[in-house]
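Visitor: Sequence:
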Amino acid sequence: MKLEGSLDAFSLPDVFQLLAFTKKSGGLHLVAAHGSGVVWFRDGGVTGASSAGGREAIGRRLLASASIEDDALEQALARTAEDSAVGLARALLDADAVDEALLRELVTDATVDAAFDILAWAEGYFAFELDEPNPDDVGIRLETDHVLNEAGARRAAWDRVGGLVTPGTVLTMVADLEVDPVLSRDDWALLALTDGRRSVGDLMELTGGGRFAVASALASLVERGLLRQLDPATEAATVVERRAELVSRLVCDEPAAWQPLSVPGVVHPSARVPEQVSAPMAVVPSRPEPFLPRRQVEHPDLPPMPAHGGMRTASGDSGVGGVVGSSAMAPDLSALIERDPSINRSLMLRLIAGVRGL
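Just so we're aligned: 175 in this note's numbering is position 175 of the sequence shown, and the numbers increase by one with no gaps anywhere.
Since the hints were made in silico from the structure, they are not lab data.
For clarity, every value in this text was computed on a predicted model and none was experimentally measured.
Ideal Cβ placement from N, Cα and C applies to all residues, glycine included.
Keep in mind that a hint or two might mislead.
Quick list of simulated restraints, FRET-style, between CB atoms [unchecked claim]:
{"no.": "1", "residue 1": "E132", "residue 2": "D176", "range": "49 to 59 Å"}
{"no.": "2", "residue 1": "A157", "residue 2": "F10", "range": "37 to 47 Å"}
{"no.": "3", "residue 1": "A157", "residue 2": "A122", "range": "29 to 39 Å"}
{"no.": "4", "residue 1": "Q229", "residue 2": "A122", "range": "20 to 30 Å"}
{"no.": "5", "residue 1": "A33", "residue 2": "D176", "range": "16 to 26 Å"}
{"no.": "6", "residue 1": "F10", "residue 2": "A192", "range": "40 to 50 Å"}
{"no.": "7", "residue 1": "G152", "residue 2": "R79", "range": "29 to 39 Å"}
{"no.": "8", "residue 1": "T172", "residue 2": "D14", "range": "35 to 45 Å"}
{"no.": "9", "residue 1": "A78", "residue 2": "D176", "range": "26 to 36 Å"}
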């Protein structure tokens, strides 16, 4: 039997009823623009279903329940890689790596969640493969009417849940509580993953839970005052970060006309220029005192002595006798001092004048 068609012509509840009435076994594959899914039937009853996430959702549920060891999970994944006809749930059940009752409960919840998502599709295509085995058949069989009724009840409750949380909603924990909270194990698992950054859709993928199951649990936590919707515009930490960024812009963006104060001996960092290699300075200056102006002689030189070599007397007359003091014997050293650049001319002339005055 080959059953296929468009969801525009045949609704999924009608297809489910047809397969249940004819007690068919196989896989009902569905493809839509937003994803794909499959529902497994055995003798008209539902044995499993998966939508977005597929077998991965069951693995995430097992990890969230903390009921499986890492080694057992790796071995089960290795078997599924070798044999595509065996799913993760079936591999764990065959290896006795998880409690059978817990595994069937998790598979049942995953089946109902996937059926709820698939039954909400209004567009797409379906095709039924007769007698196709279910890779994750762990022995459960749900009546088709029960699945349809459960999906209808969830759709009726979705309006209330959707008013509190949506897949794009970001939730954060409430700091101050009015009463002491009472939490279940599932509630605590969701609170531990709610960090003010992950959206509800992220939590759905991370936990492996269905859209309705995770959204309902989060909506319940919001109603109980344990979670609240994050508002980036009014969040305290976000406001502080935004203001700090504005202040940093004011500090960094200095006006172009601003100039640093000129303080003698202090160089402002903004006025510094890269160091450059300068030419070596001369070791020997070009003149004895390169940094001072030429000094004026404080004591004028004595008149030059006569050419004949006569001596000056105390009375001013020249002659051979009557010499008074040693100054009369001093030669004229001005020319010699002026020619020698290594002598401090002014200092030497003062010394000579002092000696003459003795």
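Visitor: None of the hints should be skipped; say for each whether it holds.
Guide: Quick rundown of the hints versus the structure:
1. E132 with D176: 49 to 59 Å: holds (55 Å)
2. A157 with F10: 37 to 47 Å: Given about 26 Å between the Cβ atoms, the range is violated.
3. A157 with A122: 29 to 39 Å: violated (19 Å)
4. Q229 with A122: 20 to 30 Å: holds (29 Å)
5. A33 with D176: 16 to 26 Å: Cβ of A33 to Cβ of D176: about 45 Å, so the range 16 to 26 Å is violated.
6. F10 with A192: 40 to 50 Å: For F10 and A192 the Cβ distance comes to about 43 Å; the hint holds.
7. G152 with R79: 29 to 39 Å: Cβ of G152 to Cβ of R79: about 37 Å, so the range 29 to 39 Å holds.
8. T172 with D14: 35 to 45 Å: Roughly 43 Å apart at Cβ, these two residues keep to the hinted range, so it holds.
9. A78 with D176: 26 to 36 Å: Once the Cβ atoms are compared, 49 Å apart, the range 26 to 36 Å for D176 and A78 is violated.
Hints 2, 3, 5, 9, counting from the list given before, are not met by this structure.
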